[in-house]
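In the order they appear, the protein sequences are chains A and B.
With positions in the first sequence counted from 1, the corresponding number in the working numbering is that position plus 292.
With positions in the second sequence counted from 1, the corresponding number in the working numbering is that position plus 292.
Please note: incorrect hints may appear among the correct ones.
Same chains, same names: a pair is fine if it fits in one copy or spans any two.
[To be verified] In silico SDA-like pairs for lysine to any residue, Cα to Cα no more than 20 Å straight-line: (1) K343 <-> D315; (2) K343 <-> E307; (3) K296 <-> E318; (4) K343 <-> G319; (5) K333 <-> R420; (6) K333 <-> P436.
By construction, these hints were calculated from the structure, which means they are not laboratory data.
Keep in mind that this is a model prediction, so the values were computed, not measured.
Number of protein chains: 2
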Amino acid sequence: MAEKGEQTRERILDEALRLASRDGLEGLSIGGLAAALSLSKSGLFAHFGSKEALQVAVLDHASARLGERSAAVRDAAAGPDRIRALLEVSMDWMDDPARPGGCPITGACFEFDDQEGPVREALVQLQRAGQARTAAAFGAFADPGWDPHQLAFEYRAITLAYHHATRVLRAAQARAWARSALEALIARARQPPPLPSPGAPCPACS
Amino acid sequence: MAEKGEQTRERILDEALRLASRDGLEGLSIGGLAAALSLSKSGLFAHFGSKEALQVAVLDHASARLGERSAAVRDAAAGPDRIRALLEVSMDWMDDPARPGGCPITGACFEFDDQEGPVREALVQLQRAGQARTAAAFGAFADPGWDPHQLAFEYRAITLAYHHATRVLRAAQARAWARSALEALIARARQPPPLPSPGAPCPACS
């Protein structure tokens, strides 16, 4: 019985993920989800308790689903190949036809950036954890002079630009651009970081 | 009288921009805008005709306001300093307290990526024009071996990651990270592009 309950919850959350991908996490409602699943609204309400709790559950579920795909990457030897594999997993995740509206976590970053509350808190926790994981992956092979958070910032930049290039511009070159950008970042990470060039604002003091 | 009409329209669109920044372009409604401005809903409806037409007008208005700020940048000599100034203008635009919800164009990229129609068309046109302008700005000083669209992709990556770092992570280092990433991109753009490193997927054939 516990297993069946777990399966039902997974099925509900997969459907919620699909709807959140299309309509945004904000567009998700217990009523809409119940209708999509032909379940009773009161039953779903009893399950999640509130729209906010449902939104947090969907974020956690998206993170768990992405985590399942990333497991193979985490088992790979630490080094540039792990970062390369991470990018491929991310791009495949963003392009997954099961979620035709793209990555609901990335979408939520733009919906909840200025909405204080438990959904934003859950989102920020996920994003900080992602930043820390990427920083650790770079830290395993980068020159020790680097702040790994700088490299993690630039890695996230590539994934966000891929999302934009493939979903907004619908550019056929999106993957090639992202991969080239990552190769450049990996090559730089292996060298000591440069001093700020003359005329550029100093990152440390501005 | 024509001037007064123009001023009224500007005032309406500035308020719409502020609301779209907070609630998203999708959250904008003629009724909500009328209430915020203490104008009649029928008057605003006569002005814009439909929610979609209002959304397109707001996108164009955002682009025009950003364009006003970029004018000084475009007058600067072609070269790395123009790209540096562009990034500063972008970051100031994203942080403008008049639009506490961030850049409505960037937000719209995540709302309308999968919604076909005139709003998405207007958005894609703006984004393609931006991509072309950035590519031209890099083309003015980059090594001729580069595809300037690769560099424009990486420039957009930095602006999107800045938006994320400052608005989601609220990281104090966001500007420093973005500036360092841009300096690295400028330095690379001046050198011939590298061949794909062994073991990496070839961008041209994958």
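Evaluation of the provided hints:
For the homomeric pair K343 and D315, the shortest alpha-carbon distances inside one copy (14 Å) and between copies (18 Å) are both at most 20 Å. Taking the shortest Cα distances, K343 and E307 sit within 20 Å of each other inside one copy (15 Å), while across copies they are farther apart (29 Å). When the C-alpha separation of K296 and E318 is checked against a cutoff of 20 Å, the pair qualifies neither within a copy, at 29 Å, nor between copies, at 38 Å. When the C-alpha separation of K343 and G319 is checked against a cutoff of 20 Å, the pair qualifies both within a copy, at 10 Å, and between copies, at 18 Å.
With identical chains, the CA atoms of K333 and R420 are never at most 20 Å apart, being 34 Å at best within one copy and 43 Å at best between copies. In this assembly of identical chains, the alpha carbons of K333 and P436 never lie at most 20 Å apart, being 54 Å within a copy and 61 Å across copies at closest.
In summary, the structure is inconsistent with hints 3, 5 and 6 from the numbered list given earlier, while agreeing with the others.
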